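Asker: Protein sequence lines, in the order shown, are assigned to chains Z and A. Start counting the first sequence at 51; every next residue gets the next number (the working numbering). Start counting the second sequence at 51; every next residue gets the next number (the working numbering).
These aren't lab readings, by the way, just hints derived from the structure by calculation. Bear in mind that the values here come from a model prediction, so they are computed numbers and not experimental data. There could be a bad hint or two in this list.
Note that identical chains are pooled: a pair holds if it fits in a single copy or bridges any two copies.
[Stated by the list, open to error] Listed next, the in silico SDA-like pairs over lysine to any residue satisfying Cα-Cα at most 25 Å (straight line):
| id | residue 1 | residue 2 |
| --- | --- | --- |
| 1 | 78 | 184 |
| 2 | 382 | 419 |
| 3 | 224 | 181 |
| 4 | 93 | 347 |
| 5 | 131 | 354 |
| 6 | 106 | 53 |
| 7 | 224 | 391 |
| 8 | 224 | 74 |
| 9 | 78 | 179 |
| 10 | 78 | 134 |
There are 2 protein chains.
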Amino acid sequence: MLNFSFYNPTNIVFGEGQLQELDNLVPKNANVLITYGGGSAKKTGLLDRVNAELAKSERTVIEFGGIPANPRFDVLMEAVKVVRDEKIDFILAVGGGSVIDGTKFIAIAAPNKEYEGREREIMNFGFAGVPAESSVPFGTVLTLPATGSEMNNGAVISDGEDKLVVMSPLNFPKFSILDPEITFTLPKTQVANGVVDTFIHTVEQYLTFPAEGRFQDRTAEGILQTLIEIGETTVNEPENYDARANLVWCSTMALNGLISAGVPQDWTTHMIGHELTALTGLDHAKTLAVVQLANWKVRRAEKREKLIQYAERVWDLREGDDDERINQAIAKTEEFFHSIGMATKLSDYEIDADIIDRVVANLEKHGMTQLSERGDVTLEVSRKMLETAL
Amino acid sequence: MLNFSFYNPTNIVFGEGQLQELDNLVPKNANVLITYGGGSAKKTGLLDRVNAELAKSERTVIEFGGIPANPRFDVLMEAVKVVRDEKIDFILAVGGGSVIDGTKFIAIAAPNKEYEGREREIMNFGFAGVPAESSVPFGTVLTLPATGSEMNNGAVISDGEDKLVVMSPLNFPKFSILDPEITFTLPKTQVANGVVDTFIHTVEQYLTFPAEGRFQDRTAEGILQTLIEIGETTVNEPENYDARANLVWCSTMALNGLISAGVPQDWTTHMIGHELTALTGLDHAKTLAVVQLANWKVRRAEKREKLIQYAERVWDLREGDDDERINQAIAKTEEFFHSIGMATKLSDYEIDADIIDRVVANLEKHGMTQLSERGDVTLEVSRKMLETAL
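Starting from the given sequences, assemble the full structure and let the hints guide the process.
Answerer: Rendered as structure tokens:
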């Protein structure tokens, strides 16, 4: 097992009816900014319910809507101005990963004077973390189980064709309300995206090479097995509480530092996926499904031991030789994605070979030339994956 | 899935050589009290190493040794006096569950004026939590993987024949250093105790009735499978780093709120075990092994569905009818305990039937008359378990 630190102070409040805890969780007498996205929080009545809870104590509440999927730097800067002008001292993100990620940027950009006028620099530090003194405290009401942003300190922000990571130990949500019922109104395609996003997050922290992280491996396998069990149900029966509750909890657990602690990680699929989304607008999760399967096919030898473990433990494949079981495990993963309506080829989205040079160029521009758990995914290997994904 | 809150802000610093992080983790210029137990921390040189790390910055350091296994109220009160007299503002617990549990009591008793002179009352609130304003911040250097106290906010304190729970949201360690190498010098029997303690903690949060906690179930099963895989190795090869690292991480994960979130729990075995330890001095873990097997035999019908799941998933028992598989799973658990040198009957410890009335009387005295996940373990059922355990 590798050495690690694990620290995650987010208070999770999980279950039906938990919105009523808001009045206890958000500081009294605060100037609150509610951040939200494209309007579904308004349409479904959720924003009204949130406002009603916040009104139970003395607070000033301002709303900032319109944070887009793949939250954009320029939009977020408008919110930063509101936080500064209105002396906001608590932010409540009501939304999915994009709104929460955007809120993390706002929270760290607004109060740190040294970045005023050059907030773009906050996006330069990546996984090293933003050097900053403080952030505006924030909580979340999760509407879309997918990214895990509700219980981690990372965010992905878009600026033109660039998708950049913003991290900071100051950026853990103070609390996150996870009420599966709030997610019942999501369109099927977004639920399927959430299942796949959670699946791939898990795979990227698990399917590398053996490293004696037995708890971590089995916990990751448990998430994958759960997703396989409840995937079709939660996509097709949105009001099935238990299926959705399991999706919500798995998506949070898949990216809160738990399953990555002490084991190697491979974020190749995410990095290539980010470039695809930035260039084509294709949903994040759809890029992941496409790239992950190609990744396994191209790096089958490097991931051999873990692919066999995945075949045995996640898919219960006990017959046949190792290569057959690996083939079957990859095929079953693809079938699972199909079963929830997720296509697995770039051509399914009418993206053709022209994209490859552009993605590879942007990977180079962003320094993504030695990806994977071994640092052996060069631009040439990424190119091969994209060719395999066509 | 049941509604739940999950909050755990302890910073875990895991791995070989992590003791050198102490100087970064303990506040500079602090008046530090080091708490420790019976002297093995001194004998092995660990205390010297801890002091050397703390001396890297300006700090005052005082030591308080002699906290016994099953930490006693009267001993802890001496430490409370030291904290008050010496204006201690950080406590560093160097030890296992007893030292850490004791430190939690000290941390909450010392600064809260309302309990001064009547500190015994702190032990009355049990799982409801001690109403208190503050606690002295503390960190831990773990020497014995077993209780999980290094990453939770509970403690068990002894006062004569009473074993009482002290809980408080103020009582999470600020940090815990988990270096598997520090545990290499433990005697075999204590390692075996740690394996069993971790196993039973997990079982008590898992083996109840199905409640659609799929992540929680699989994570619990992962801990159990890991313990079964590494148990004999880590007892017999104390310097096998990977086996020990897996024990250490599992023991922390087994009781930090993760696997209990949103599912029923059954602490019957612990409650009966506590009474046995208080009356006979038998090691906590040894009481657990004895009582747990009896618990399953007596409440086999109530736990039927989960016993079958346990048989299938943890022991891979796929042949035979349900009853046969339950029998096999119980037998295999007992064999596993034996394989690490853990006896499974009261008579193995020369405890005879005379103990039963005394345990039942103390259960009654402590209000333990409706134990289990269904509240159906009356004193009569507890008696039956003890008879089965003879």
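Asker: Go through the copies and call it for residue 78 and residue 179: within, between, both or neither, with a Cα cutoff of 25 Å.
Answerer: between (31 Å within a copy, 24 Å between copies)
Asker: Give the relationship of residue 93 and residue 347 under a CA distance limit of 25 Å: within one copy only, between copies only, both, or neither.
Answerer: For residue 93 and residue 347, the Cα distance exceeds 25 Å both inside one copy (43 Å) and across copies (55 Å).
Asker: Evaluate residue 78 and residue 134 at a C-alpha cut-off of 25 Å and name the case that applies: within, between, both or neither.
Answerer: Cα proximity of residue 78 and residue 134: one copy only (20 Å, versus 34 Å across).
Asker: Could you figure out if residue 78 and residue 184 sit no more than 25 Å apart (CA to CA) within one copy, between two copies, both or neither?
Answerer: Close inside one copy (20 Å) and across copies (21 Å); limit 25 Å.
Asker: As a check of your reading, is residue 106 near residue 53 (CA-CA no more than 25 Å) within one copy, between copies, both or neither?
Answerer: between (46 Å within a copy, 23 Å between copies)
Asker: Under a CA distance limit of 25 Å, which applies to residue 224 and residue 181: within one copy, between copies, both, or neither?
Answerer: both (20 Å within a copy, 22 Å between copies)
Asker: Can you give me the call for residue 224 and residue 74, within, between, both or neither, at a CA distance of at most 25 Å?
Answerer: both (12 Å within a copy, 24 Å between copies)
Asker: Between residue 382 and residue 419, at a C-alpha cutoff of 25 Å, which is it: within one copy, between copies, both, or neither?
Answerer: Neither way: residue 382 and residue 419 sit 30 Å apart in one copy and 50 Å across, limit 25 Å.
Asker: Please work out whether the CA atoms of residue 131 and residue 354 approach to 25 Å or closer within one copy, between two copies, in both situations, or in neither?
Answerer: neither (51 Å within a copy, 60 Å between copies)
Asker: Within, between, both or neither: how does the pair residue 224, residue 391 come out at a Cα-Cα threshold of 25 Å?
Answerer: The answer is neither: 35 Å in one copy and 45 Å across copies each exceed 25 Å.
The earlier numbered hints that this structure contradicts are 2, 4, 5, 7.
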